[in-house]
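Novice: Protein sequences appear in the order of chains A and X. Just so it is clear: in the first sequence, position 18 is 18 by full-length UniProt numbering, and no numbers are missing. Just so it is clear: in the second sequence, position 4 is 4 by full-length UniProt numbering, and no numbers are missing.
Calculated directly from the structure, the hints in this document are not laboratory data. Bear in mind that the values here come from a model prediction, so they are computed numbers and not experimental data. Here a beta-carbon is modelled for each residue, glycine too, at the ideal position from N, C-alpha and C. Please note that a few of the clues may not be correct.
Examples of chain X residues toward chain A, derived with CB under 7 Å [what the hints assert, rightly or not]:
1) P109
2) I130
3) V252
4) G254
5) G264
6) G265
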Amino acid sequence: MLKVPNHQVAGHKAGDGKLGPLVDDSGRFYKPLQGNDRGSNELTFYTSFSSNTRIPDHIRRFFPKFYGTQLVEASDGSGLQPHLVLQDLNFGRVNPSIMDIKIGSRTWAPQALEDYIQKCLKKDRETSSLPIGFRLSGFQIYQNRELGFWKPERTSFQSLSADEVKLFLRKFVSSNTSANLDLQPDCSFASIVYGGSTGILSQLLELKAWFEDQTIYHFYSCSILIMYEKDFVSNGKIPCAEIKLIDFAHVYEGKGVIDHNFLGGLCSLIKFVSEIITTPDECTTEASPKDIQKNQIYFENGTS
Amino acid sequence: MLKVPDHQVAGHKAGNGKLGPLVDDSGHFYKPLQGDERGSNEVSFYASFSSNTRIPGHIRRFFPNFYGTQLVEASDGSGLQPHLVLQDLTLGRVNPSIMDIKIGSRTWPPQATKDYISKCLKKDRESSSIPLGFRFSGLQIYESRELGFWKPGKRSIKCLSADEVKLILRKFVSSHASEEMDSKPDCTFASVVYGGSAGILAQLLELKAWFEDQTIYHFYSCSVLMTYEKELISNGKSPNAEIKLVDFAHVVEGKGVIDHNFLGGLCSLIKFISEILTTPDECTTESSSEDFRKNRISEDGAP
Numbered sequence: 001m002l003k004v005p006n007h008q009v010a011g012h013k014a015g016d017g018k019l020g021p022l023v024d025d026s027g028r029f030y031k032p033l034q035g036n037d038r039g040s041n042e043l044t045f046y047t048s049f050s051s052n053t054r055i056p057d058h059i060r061r062f063f064p065k066f067y068g069t070q071l072v073e074a075s076d077g078s079g080l081q082p083h084l085v086l087q088d089l090n091f092g093r094v095n096p097s098i099m100d101i102k103i104g105s106r107t108w109a110p111q112a113l114e115d116y117i118q119k120c121l122k123k124d125r126e127t128s129s130l131p132i133g134f135r136l137s138g139f140q141i142y143q144n145r146e147l148g149f150w151k152p153e154r155t156s157f158q159s160l161s162a163d164e165v166k167l168f169l170r171k172f173v174s175s176n177t178s179a180n181l182d183l184q185p186d187c188s189f190a191s192i193v194y195g196g197s198t199g200i201l202s203q204l205l206e207l208k209a210w211f212e213d214q215t216i217y218h219f220y221s222c223s224i225l226i227m228y229e230k231d232f233v234s235n236g237k238i239p240c241a242e243i244k245l246i247d248f249a250h251v252y253e254g255k256g257v258i259d260h261n262f263l264g265g266l267c268s269l270i271k272f273v274s275e276i277i278t279t280p281d282e283c284t285t286e287a288s289p290k291d292i293q294k295n296q297i298y299f300e301n302g303t304s
Numbered sequence: 001m002l003k004v005p006d007h008q009v010a011g012h013k014a015g016n017g018k019l020g021p022l023v024d025d026s027g028h029f030y031k032p033l034q035g036d037e038r039g040s041n042e043v044s045f046y047a048s049f050s051s052n053t054r055i056p057g058h059i060r061r062f063f064p065n066f067y068g069t070q071l072v073e074a075s076d077g078s079g080l081q082p083h084l085v086l087q088d089l090t091l092g093r094v095n096p097s098i099m100d101i102k103i104g105s106r107t108w109p110p111q112a113t114k115d116y117i118s119k120c121l122k123k124d125r126e127s128s129s130i131p132l133g134f135r136f137s138g139l140q141i142y143e144s145r146e147l148g149f150w151k152p153g154k155r156s157i158k159c160l161s162a163d164e165v166k167l168i169l170r171k172f173v174s175s176h177a178s179e180e181m182d183s184k185p186d187c188t189f190a191s192v193v194y195g196g197s198a199g200i201l202a203q204l205l206e207l208k209a210w211f212e213d214q215t216i217y218h219f220y221s222c223s224v225l226m227t228y229e230k231e232l233i234s235n236g237k238s239p240n241a242e243i244k245l246v247d248f249a250h251v252v253e254g255k256g257v258i259d260h261n262f263l264g265g266l267c268s269l270i271k272f273i274s275e276i277l278t279t280p281d282e283c284t285t286e287s288s289s290e291d292f293r294k295n296r297i298s299e300d301g302a303p
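Bound-form chain A, shown alone (with noise of 0.2 Å):
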């Protein structure tokens, strides 16, 4: 039985009669084949990748698994249509907290239409993915059984300064994240998930060396996918912090030259972690919770 998946953060969603991917109960996420080339050019990337012999394991495991295609009924009541089937992300997870990095202050190809080109530099200067080479496109924060998810509209965190980025990924990892914006985030959670042998920073780091060798794929418009489990810490047990890589419609041959973009993008969310876990004492000089406020972030219930 398929349905709407719980987590989503990011992406078309389904539900409503709009389309959208789709979960089973074994692990596995439904992806709707997209129109234009989008679709055609994720499944012949999946479809490569899985049969690359040039992927190192270490590297091969911060990728979705790829199960190939099947037919399925669509989300949005428009009968049987080709979906891609991928490794369910949040399987098993009970109630994970998600961000949606995507990495890359140039999230188009040399190689893609004019208008398309256009439209993807229009966003990249608007947001904060040509000053720092990234930006969050999907956010939330498990609080508590009480509170539920702290799940912010994606308008208040599309154009952000580097500040309120910083903000956003001390947030992502402290205890006292709330509906009161007036709190300094505490980071009670930055060594553990994203420091440690086993943390985010250090599976960022093999993520980056991998970069600086691969002339295989250049990555356009993908993301990186940060998750764990607050409940877990809260109870003594290890987060179960991952990265994982998705969206891979605009993913080009790499021809011999590194993915210097990505790489740039992701070396420098790599810095904005480093500091959090070296200074999580440190409260944002030039954003404070207050400013986040007068962009208004807004709660899934509508409250502000």
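Given chain A's structure and the hints, the job is docking chain X onto it.
Specialist: Only chain X this time, still in chain A's reference frame:
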């Protein structure tokens, strides 16, 4: 007594009544302060950088020494003009081979004017900057006393494919560079110029480590100059291979963010050079020396 530099590969050139930099006998390079804000931007950068205590010594050596500004007789006859006084990077060098490589897939800062951005974006898209993360601004390779330098026209080296760039980087460390030779670049000097603990690659890696960390400056349209002396190698000495960063008219504050644009391009250049060191015998697969000739690489820009 000021004269036109012998070994300038890029930028405005003095001589024939044009405005350009000059050098003296004691290791100083006089760069005329450019119009609009570029001149003052560059002075601001040098002034800030030279007094910035956060710059470690091993990184400072990659930047030209700054000696302030001075009024000097301009090379175009327009009288006394303010000039930046910098270290002459070619002082004491005899017949240096030099590459000027502009780093970064984007040569424009986000804060620039719309016109400037459009102009730069067009150039970045038409050159190797966007695909590779860097492009050649200028180049001269010393051949021999008889042949002198191979110095291709600037226009012909800007819009190169990845394979053509690889070819040039190999030619740079080969015993024969000129296009007259049909032979593949032999990369004879790759290990001693690019490799080794004091070679180009080691210096680039030091620079890369700093760029992964520093959030003080963002360097747009800035070049890495690579220089060495082929004759020293022929005489059994070390080639004096050095990298220097030059051209700081478009440097802006980092404001707590790393210079991810420069870093990406630098990593791409590092990958190209590393590959030459690990595979010195490989010829380019898609572009041979002959293909190169078809792309009209010539002296003085003539086809």
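Novice: Work down the list of hints and note, for each, if the structure agrees.
Specialist: Hint check results:
no. : hint : result
1   : P109 : 9 Å, violated
2   : I130 : 5 Å, holds
3   : V252 : 10 Å, violated
4   : G254 : 10 Å, violated
5   : G264 : 3 Å, holds
6   : G265 : 6 Å, holds
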